[in-house]
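Let the hints inform the model, and build the full structure from the sequences given.
Number of protein chains: 8
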Amino acid sequence: MDSHKPEVPVQDGDGMVVARLDVDRLRRCGAPEAVFAQGKTPEETVRISEALAEKQGFALITRAGPEAMRLIDARWPGCRRAPHAGAALVGMPPEPVRDGRWAAVIAAGTSDLPVAEEAVLTLAALGREGRIIADVGVAGLQRLLDRLEEIRAASVVIAVAGMEGALPSVVAGLIASPVVAVPTSVGYGAHLGGITALLGMLGSCAPGISVVNIDNGFGAAMTAARIMNV
Amino acid sequence: MDSHKPEVPVQDGDGMVVARLDVDRLRRCGAPEAVFAQGKTPEETVRISEALAEKQGFALITRAGPEAMRLIDARWPGCRRAPHAGAALVGMPPEPVRDGRWAAVIAAGTSDLPVAEEAVLTLAALGREGRIIADVGVAGLQRLLDRLEEIRAASVVIAVAGMEGALPSVVAGLIASPVVAVPTSVGYGAHLGGITALLGMLGSCAPGISVVNIDNGFGAAMTAARIMNV
Amino acid sequence: MDSHKPEVPVQDGDGMVVARLDVDRLRRCGAPEAVFAQGKTPEETVRISEALAEKQGFALITRAGPEAMRLIDARWPGCRRAPHAGAALVGMPPEPVRDGRWAAVIAAGTSDLPVAEEAVLTLAALGREGRIIADVGVAGLQRLLDRLEEIRAASVVIAVAGMEGALPSVVAGLIASPVVAVPTSVGYGAHLGGITALLGMLGSCAPGISVVNIDNGFGAAMTAARIMNV
Amino acid sequence: MDSHKPEVPVQDGDGMVVARLDVDRLRRCGAPEAVFAQGKTPEETVRISEALAEKQGFALITRAGPEAMRLIDARWPGCRRAPHAGAALVGMPPEPVRDGRWAAVIAAGTSDLPVAEEAVLTLAALGREGRIIADVGVAGLQRLLDRLEEIRAASVVIAVAGMEGALPSVVAGLIASPVVAVPTSVGYGAHLGGITALLGMLGSCAPGISVVNIDNGFGAAMTAARIMNV
Amino acid sequence: MDSHKPEVPVQDGDGMVVARLDVDRLRRCGAPEAVFAQGKTPEETVRISEALAEKQGFALITRAGPEAMRLIDARWPGCRRAPHAGAALVGMPPEPVRDGRWAAVIAAGTSDLPVAEEAVLTLAALGREGRIIADVGVAGLQRLLDRLEEIRAASVVIAVAGMEGALPSVVAGLIASPVVAVPTSVGYGAHLGGITALLGMLGSCAPGISVVNIDNGFGAAMTAARIMNV
Amino acid sequence: MDSHKPEVPVQDGDGMVVARLDVDRLRRCGAPEAVFAQGKTPEETVRISEALAEKQGFALITRAGPEAMRLIDARWPGCRRAPHAGAALVGMPPEPVRDGRWAAVIAAGTSDLPVAEEAVLTLAALGREGRIIADVGVAGLQRLLDRLEEIRAASVVIAVAGMEGALPSVVAGLIASPVVAVPTSVGYGAHLGGITALLGMLGSCAPGISVVNIDNGFGAAMTAARIMNV
Amino acid sequence: MDSHKPEVPVQDGDGMVVARLDVDRLRRCGAPEAVFAQGKTPEETVRISEALAEKQGFALITRAGPEAMRLIDARWPGCRRAPHAGAALVGMPPEPVRDGRWAAVIAAGTSDLPVAEEAVLTLAALGREGRIIADVGVAGLQRLLDRLEEIRAASVVIAVAGMEGALPSVVAGLIASPVVAVPTSVGYGAHLGGITALLGMLGSCAPGISVVNIDNGFGAAMTAARIMNV
Amino acid sequence: MDSHKPEVPVQDGDGMVVARLDVDRLRRCGAPEAVFAQGKTPEETVRISEALAEKQGFALITRAGPEAMRLIDARWPGCRRAPHAGAALVGMPPEPVRDGRWAAVIAAGTSDLPVAEEAVLTLAALGREGRIIADVGVAGLQRLLDRLEEIRAASVVIAVAGMEGALPSVVAGLIASPVVAVPTSVGYGAHLGGITALLGMLGSCAPGISVVNIDNGFGAAMTAARIMNV
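Chains as they are written, first to last, in my numbering: chain A, 1 to 230; chain B, 1 to 230; chain C, 1 to 230; chain D, 1 to 230; chain E, 1 to 230; chain F, 1 to 230; chain G, 1 to 230; chain H, 1 to 230.
Please note: incorrect hints may appear among the correct ones.
Only some residues are given here: those of chain C computed to face chain D with a beta carbon under 7 Å [unchecked claim]:
{"id": "1", "residue": "77"}
{"id": "2", "residue": "91"}
{"id": "3", "residue": "139"}
{"id": "4", "residue": "163"}
{"id": "5", "residue": "169"}
{"id": "6", "residue": "176"}
{"id": "7", "residue": "187"}
{"id": "8", "residue": "190"}
{"id": "9", "residue": "193"}
{"id": "10", "residue": "199"}
{"id": "11", "residue": "202"}
{"id": "12", "residue": "203"}
{"id": "13", "residue": "204"}
{"id": "14", "residue": "205"}
Since the hints were derived computationally from the structure, they do not count as laboratory data.
Quick reminder that beta carbons are idealized off the backbone N, C-alpha and C, glycines included.
Okay, structure coming up:
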């Protein structure tokens with residue numbers, strides 16, 4: 001196996017190593033480490049983000065609660081944020097890649113927007129642009145068809161939908177770009193926390209769709225960025 | 001409770017009563033008894049169908065295997081049949097109702113046709129007309145849009161789809177008639193024998209859809225006929 | 001595809017389009033847009049409802065929490081409400097359709113009443129009348145049989161039940177009208193949030209039943225109204 | 001723990017002990033060992049049954065295939081059989097208990113009869129009488145109500161039903177005896193091999209129902225016999 | 001169907017009938033109505049209990065929260081209570097049946113005791129005695145074997161267990177009485193809210209077990225009382 | 001919506017339109033129609049393939065059984081085949097795209113090879129090259145690390161794995177290209193027909209993975225080709 | 001990473017590498033490669049086994065069908081076999097380890113014996129002895145208690161059980177050795193192909209149990225051998 | 001069955017026996033009783049722990065909430081604690097076993113550390129040493145390979161991982177010691193509360209892995225200690 005830079009160990013108050021920041025990931029995978037705030041205290045989130053921003057120049061924070069978002073605002077005033085998604089991009093983000101490629105991030109309903117915003121902010125952390133096209137669910141088909149030319153112009157489409165998750169099926173049958181489908185946990189009744197949309201997207205009869213985990217706007221953006229880097 | 005006609009008991013070779021034909025159902029529910037052939041021998045299927053046809057003038061047989069279909073052909077030559085569905089309508093079917101109402105039976109893919117045919121034959125047994133519109137799945141949206149005026153003209157739509165089951169969502173957003181959705185067990189991978197399509201149809205974001213069991217063309221027709229009788 | 005009226009875009013504070021009110025839906029599908037309050041702030045709920053009521057003359061609001069209901073009361077004093085269901089009908093609702101048709105909304109137990117009320121209010125928003133017949137679950141069969149003549153007189157039956165969900169099976173075997181079954185998330189133990197009732201309704205041995213999603217009184221009413229419009 | 005009689009070891013051709021017949025069970029639990037033929041060759045089934053009949057005077061055999069049933073007929077001509085259930089009672093069955101108690105074994109549909117027959121034959125092996133009341137499913141409620149007095153006269157009711165499994169709910173609300181519910185794997189679509197009926201029976205809103213495993217007529221009879229022995 | 005006494009309608013503040021107390025149930029099923037407090041306000045719980053106690057002489061209340069239990073204490077000081085289960089028996093309970101029969105209520109672990117207590121209080125409301133035998137789970141088998149003679153003396157056994165739910169299997173193989181198994185939602189990891197114990201009890205290799213719903217001490221007692229009334 | 005070429009209707013013997021070949025798909029989506037042979041008779045498979053090959057110049061056939069493969073061999077001798085996958089590419093396939101891009105198709109175990117072969121043949125039908133790297137499952141990690149440089153050189157990686165499906169996680173952490181993960185139904189015990197691998201791939205802690213349906217080598221190739229066309 | 005011996009590539013008829021025998025596994029993991037015959041033709045099974053036996057001196061074959069077992073018998077007459085399990089150990093197996101350690105392989109019922117035999121044969125391939133103790137399921141507890149001293153003497157216990165899977169719970173509470181639990185797919189009704197036993201074993205209230213996959217006697221033996229090598 | 005010491009009964013305020021401390025377990029199973037604090041009040045937790053510590057010299061407490069941990073700190077100042085896991089070891093723990101054996105407790109991510117800490121503290125209560133190796137998940141493979149020699153030196157490995165749970169698969173293919181896998185409920189989307197990791201670990205293609213319940217660090221340590229005692 002090839003040589004590698006050492007990881008950055010993180011210790012807790014008792015000196016036990018609790019994390020090793022994988023700062024080599026950017027070189028190896030083309031993607032930086034991020035801070036997944038869920039399950040961390042707001043203070044931990046800020047401290048780890050500071051450490052990471054120092055190493056990488058910037059840090060992407062996802063799944064932060066309201067209190068953590070307040071701390072982040074205080075620490076990095078004016079940073080780029082996706083407040084409904086609990087996400088922020090602090091420090092000096094990477095230069096945008098100038099190759100004309102961009103991702104259309106289409107969302108079926110208003111409730112799917114936080115996931116779409118997480119995707120767009122993650123794309124920014126990867127030097128890529130994402131443009132949200134909101135409220136184009138298939139129950140009002142004309143809204144989607146009206147935006148079709150715009151969607152066709154994108155290099156890759158991230159399609160975010162809850163409920164029955166039919167949006168990727170319909171759009172993938174109309175365009176030629178890869179479609180990264182993101183099921184969301186939006187719905188009621190037998191939506192099973194997003195499993196219904198997930199199964200529907202996997203079972204789609206349209207070609208060219210691949211799927212990431214429920215509500216995983218971050219992962220969809222990671223995939224879309226790798227695609228744009230091909 | 002109101003008075004009622006006696007049932008017709010059916011005995012096996014040892015004289016045990018194994019069934020009671022509910023011949024009062026037509027008066028009570030507006031729908032005749034049918035013969036569900038699955039789990040019966042071909043000979044039993046024919047014998048029970050004969051008994052029912054004698055009482056009702058006709059008999060609808062569903063889920064018959066190839067051997068039973070051969071016996072049915074021999075016993076009732078030229079009877080109306082839905083061979084892929086293993087269904088037949090023998091004897092003298094009821095007069096068609098002349099009120100201008102009919103059901104559009106739309107099917108997403110070729111593999112959904114047997115279920116659609118079962119629905120059409122069941123409608124015939126109820127004096128109702130069903131017209132199949134085949135292969136209008138959402139992955140090739142134009143095929144559906146081309147037939148939209150025809151679909152809008154129907155009194156009720158039976159929408160048959162497997163895989164992700166998105167067809168009812170799309171069509172219910174485009175028309176004003178009730179949509180009876182039938183998930184089918186068609187698909188591969190995580191289609192879960194039709195559960196994926198079932199969940200998707202239940203979770204639809206479009207209004208006016210109700211759902212019957214997987215592959216249940218018979219039940220969809222029963223519901224559609226009741227709707228047309230309103 | 002046919003021409004269509006433009007949607008009404010809704011922007012958030014930053015000017016991003018987060019929703020497009022599908023005001024053409026009434027013409028296309030015979031049903032107006034509604035405001036699904038879950039996941040919205042009380043203030044957003046009121047603001048969107050105002051915008052919709054301005055366009056349509058009225059607005060149906062569903063799944064509103066207690067605080068949103070208080071704001072609605074303050075904004076539209078005396079509006080028609082289904083308080084247990086968190087639903088309200090504000091503005092000037094459409095004229096009732098005068099064709100003698102109405103829906104019986106039967107509920108198995110007291111806990112199923114909020115869902116039944118949501119259905120009745122939704123019917124009102126569609127110009128249709130729904131009459132609740134409460135507490136007719138099958139464990140005390142006589143209570144159902146006592147009301148049978150009344151139920152038979154309805155054009156369509158909405159049957160709401162949790163637990164094992166047997167009510168639609170029993171009633172559909174006794175009448176000739178279409179039965180729209182609504183499973184509820186009422187129960188304990190292995191009721192699985194309503195999945196048990198949902199599966200039971202789908203698997204019913206009685207003809208003429210179709211099913212909507214768990215707790216979906218709104219969807220049942222949408223279906224019932226389309227049926228009454230046939 | 002109390003002393004006990006030795007078990008009867010059974011060896012295969014290589015002398016390895018593969019089974020230990022628990023002939024003490026009759027004394028300890030009031031129920032004899034039985035031969036569960038599924039997964040055994042027809043010859044093994046006959047040989048083990050012979051060994052057991054020699055020890056106990058008789059042997060109950062369940063879940064035997066057609067070939068095993070033929071061998072059993074040849075070995076014990078005229079033995080009591082439940083052919084659809086693949087069950088037989090060979091040798092000299094125990095004397096019937098003369099205390100006036102008996103079990104009503106009610107079956108929702110024709111397809112549920114094999115499970116009902118397995119229950120009746122098992123009851124016979126326990127010295128108890130079971131009487132089948134067939135085809136009283138809730139979709140044709142009158143058929144059940146017609147037999148209600150007879151059902152009320154039984155000491156215990158075994159209620160066998162597939163599909164949505166609503167029969168025990170309805171009957172338990174009408175009588176005072178214990179109801180042992182047996183879900184069957186009969187149905188189509190989302191019946192899930194009987195899970196739908198099982199969940200429905202567990203979730204029943206009627207009191208006095210307990211449930212055994214899917215298709216387990218044997219277990220229901222075991223429970224019913226213990227109840228009659230109280 | 002036989003004649004019957006009228007139900008007692010209960011109205012809400014707007015005069016809508018929201019419940020019909022099935023006071024005929026005692027005559028028909030041998031069991032009184034009970035008040036299931038879950039989903040009701042504490043005040044509603046007390047008011048309905050008063051109405052029921054007036055009709056029946058007493059009322060059993062189950063699944064009451066702490067506040068409702070306080071109101072109950074204030075309204076009926078000194079009433080019999082199962083505080084961990086949120087259950088109470090108010091008014092003048094029925095005379096105990098004097099036939100020497102009683103139920104052993106065995107519980108695998110300390111956490112299963114609330115369910116056992118609910119069963120015992122329900123038995124009291126039915127005029128039956130239940131005796132708890134606590135902490136006899138199979139991981140310390142000797143604790144169970146020490147109590148075996150006592151358990152054998154009972155007319156019926158209610159076996160309450162969470163986790164893997166093995167207690168009924170072991171005990172049913174050692175005694176001759178019917179065993180009513182109650183899975184509980186006690187456990188961690190893949191206990192699935194009690195589904196693991198439920199499946200284990202249904203799949204037991206021991207004869208004479210039937211199963212009620214998860215945590216359903218009430219239902220187990222209802223079944224056990226019917227058994228003791230045989 | 002834009003104009004479009006008419007579809008090619010396919011009729012059965014009775015003249016009913018059972019399919020509409022979507023020959024416009026190539027222009028619209030960059031991917032041709034394919035023949036999914038499962039559920040078709042061998043003769044139907046050949047006939048439809050002939051029709052498609054006539055229109056498109058070639059036809060990709062997937063999921064054909066042994067008999068259909070024999071007919072295909074007889075009709076198109078020497079055609080390119082993936083025999084373990086039941087797939088064939090008949091007629092004159094499209095010219096390979098000459099842009100230096102190719103897909104690495106890595107397979108965890110020998111049993112995953114049919115799915116990998118289906119992917120490679122589908123890529124060929126799209127003018128793209130796929131190279132199989134076999135038997136690099138993570139239980140013998142060195143086999144994967146030995147091939148890492150080769151895998152890194154690919155434009156996109158299709159990772160095929162059954163059982164726990166860990167291969168995409170490990171490989172995505174080591175490279176920068178997009179990884180399209182294909183769970184397979186290979187395994188025993190609780191592999192749940194591939195659901196275990198599917199869930200594992202969706203839940204991966206490594207970035208840049210998206211997932212297609214179980215055993216869906218065809219869909220993975222469709223996605224990979226769209227990616228290479230970016 | 002440490003250096004390693006090259007793998008042994010296996011090619012199919014067209015020269016494609018379809019497998020790489022991981023012959024280094026013995027040195028690295030203390031366990032040899034085995035031949036999993038399921039999904040291979042009988043001829044492939046024999047050929048791969050020959051190749052492996054040549055490298056390792058012997059080969060363990062598991063999950064072979066009847067035809068493969070016949071070929072194995074013909075090729076290696078008198079080899080050690082577990083015929084019910086479809087397993088064989090051919091060539092010259094390794095020398096037994098002489099450290100006094102052995103594994104008790106206890107099986108709840110007769111139907112669990114094939115899995116137990118697979119475990120014993122796998123242990124032999126690892127130089128370890130396993131002794132089967134059959135038919136000690138918990139429904140006849142005395143049979144287990146009678147063998148307790150023998151079980152206590154083992155270094156490790158492999159406990160094989162289907163249905164509710166309670167055997168490991170009971171035995172782990174009585175002994176101090178590690179218990180490797182193997183759920184089997186034996187049962188009827190809601191055993192879910194072994195999932196019920198699997199969940200029960202995972203949820204056990206007894207300490208010292210760990211679990212392998214359903215029917216995985218091979219994996220249990222692998223684990224037990226590693227334990228005995230500690 | 002062998003003789004045994006009497007259990008220590010614990011009574012509640014009303015004198016009912018609610019628990020029987022199984023103080024014989026240490027002799028019988030080599031493991032002491034522990035206090036599972038979940039579902040107990042903080043005061044109960046302390047009182048039971050005092051009773052147990054008096055009998056055994058020490059007590060292990062698991063799954064204690066913050067308030068219980070504060071009481072424990074106040075009652076036993078300076079006791080050994082695993083605060084993130086809510087676990088403590090109070091009193092005089094047993095002497096460490098001096099045989100050179102120890103367990104490596106490897107954790108995939110930072111979020112898995114509480115489970116790892118519970119395992120280490122449980123090992124201490126059993127006189128065994130566990131050493132945590134943190135943040136060695138497979139998405140950054142080098143972090144694991146760097147620690148491989150250290151892991152190989154352990155007698156047994158406890159591998160803790162959430163999400164897709166691939167860590168045990170990879171590590172078991174690289175070492176010869178037994179691997180006890182612990183799935184955790186860490187993840188998002190379709191991780192299903194740890195079921196995804198659980199299934200992945202059970203389905204692993206690597207030999208020598210056995211699995212305990214989700215988040216069950218306690219159980220993993222119990223198993224590891226039994227293994228080290230072989």
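**OP:** Taking the numbered hints from earlier one at a time, note which ones the structure violates and give those numbers from smallest to largest.
**Re:** Going through the list in order, the structure violates hints 1, 2, 6, 9 and respects the others.
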